[in-house]
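Novice: Keeping the supplied structure of chain A fixed, place chain B upon it in accordance with the hints.
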Amino acid sequence: MKFGIVTFPGSNCDYDAYHAVIDQLGERAVYLWHKARDLEGVDVVILPGGFSYGDYLRAGAIARFSPIMHEVASHARRGGPVIGICNGFQILCEAHLLPGALMRNSGLKFVSKPVRLRVENTDTLFTHRYEAGQVLRMPIAHGEGRYVADRATLERLEDEGRVVFRYVDAHGEPTTEANPNGSLHAIAGIVSAEGNVLGMMPHPERAVEPLLGSVDGLGIFHSVLERVAA
Amino acid sequence: MSYFRVAIHIVPRRGLLDPQGKAVSDALHALGFSGVRDARIGRFIVLEMEASDAMDADASVRQMCERLLANPVTEDFEIEGVHVIEGAHVT
Numbered sequence: 042m043k044f045g046i047v048t049f050p051g052s053n054c055d056y057d058a059y060h061a062v063i064d065q066l067g068e069r070a071v072y073l074w075h076k077a078r079d080l081e082g083v084d085v086v087i088l089p090g091g092f093s094y095g096d097y098l099r100a101g102a103i104a105r106f107s108p109i110m111h112e113v114a115s116h117a118r119r120g121g122p123v124i125g126i127c128n129g130f131q132i133l134c135e136a137h138l139l140p141g142a143l144m145r146n147s148g149l150k151f152v153s154k155p156v157r158l159r160v161e162n163t164d165t166l167f168t169h170r171y172e173a174g175q176v177l178r179m180p181i182a183h184g185e186g187r188y189v190a191d192r193a194t195l196e197r198l199e200d201e202g203r204v205v206f207r208y209v210d211a212h213g214e215p216t217t218e219a220n221p222n223g224s225l226h227a228i229a230g231i232v233s234a235e236g237n238v239l240g241m242m243p244h245p246e247r248a249v250e251p252l253l254g255s256v257d258g259l260g261i262f263h264s265v266l267e268r269v270a271a
Numbered sequence: 115m116s117y118f119r120v121a122i123h124i125v126p127r128r129g130l131l132d133p134q135g136k137a138v139s140d141a142l143h144a145l146g147f148s149g150v151r152d153a154r155i156g157r158f159i160v161l162e163m164e165a166s167d168a169m170d171a172d173a174s175v176r177q178m179c180e181r182l183l184a185n186p187v188t189e190d191f192e193i194e195g196v197h198v199i200e201g202a203h204v205t
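Top to bottom, those sequences are chains A and B.
Heads up: the first sequence begins at 42 in the numbering used here, then just goes up one per residue.
Heads up: the second sequence begins at 115 in the numbering used here, then just goes up one per residue.
Isolated chain A, as found in the complex (with noise of 0.2 Å):
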């Protein structure tokens, strides 16, 4: 199977993605620029994190705007499945590709530490893979990853189960304390209506192997992998 990589100025998680792909999944990984036109055939598409455009404006505002992105919204309207992964997060959510908006950090503070999430929907292309309410360890590294939408959307997103990981904290409870960024509802990731698009804060690319000291990850990526080979 192929992923290919949006690489934006300013990303800097695309050589995770790419590691956690070729080294830890052994498929295949292409680096996609934002200014191609092309996926190049590519399976599943990963916005990884970063800064692009240096978050001018607001994070994500401009790079939804680059050339590849015509790309990825004709990938996901035919059913494709797109991951974006912290600024991809932030970009998906510009691109209307996600509803709601990812803000300031309600402390304030760029939070770069290792969280706690729970899985809240197992039945998802992204996530069949763990135990409902499994609790994993992923790091979060953002400035801007509060998760607002307003209220109508937000008993959308639960009425439908597309609240895919919420921050909890030892026990597996949403705890103000656990929640890193003020997120509305401790939402930490969320699939679209028709569920081939996955946003969410937390870096999965970062824990797939015990040297970077989880690998909770995986499950994320052996999930979608088994569905799209199927």
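Hints may contain errors.
Think about it this way: if two alpha-carbon atoms lie no more than 27 Å apart in a straight line, the pair counts; the simulated DSS-like pairs of lysine-lysine are [stated by the list, open to error]:
1) A:43 <-> A:76
2) B:136 <-> A:150
3) B:136 <-> A:154
Hints in this document: simulated from the structure, not taken from any laboratory.
Specialist: Only chain B this time, still in chain A's reference frame:
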């Protein structure tokens, strides 16, 4: 065609937490400005642009705000003023 200067205010939507604004309003209270009820911090954009007239400039900037300059989920924008720049030569 005329040449215009257009000022745009973009602020976080009321009701959404604006941590920067909150930190500033807390600091103002600490300084004794107890009358401050709320502070919201956004951005101020000044554009210089060509347009056939002021209404055209305003309509065009409104589209810019809706498509790029402001995020409709989290921000409100206000076009403060459209001013003709006198003496500018437009070809």
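Novice: For each hint, tell me whether it holds in the structure or not.
Specialist: Do the hints match the structure? See the list:
A distance of roughly 20 Å separates the Cα atoms of residue 43 (chain A) and residue 76 (chain A); the hinted pair therefore holds under the 27 Å criterion. As the CA atoms of residue 136 (chain B) and residue 150 (chain A) are separated by approximately 14 Å, the hinted pair is consistent with the 27 Å bound. Restraint check for residue 136 (chain B) and residue 154 (chain A): the C-alpha separation of about 25 Å stays at or below 27 Å, so the hint holds.
Going through the hint list in order, the structure satisfies each hint without exception.
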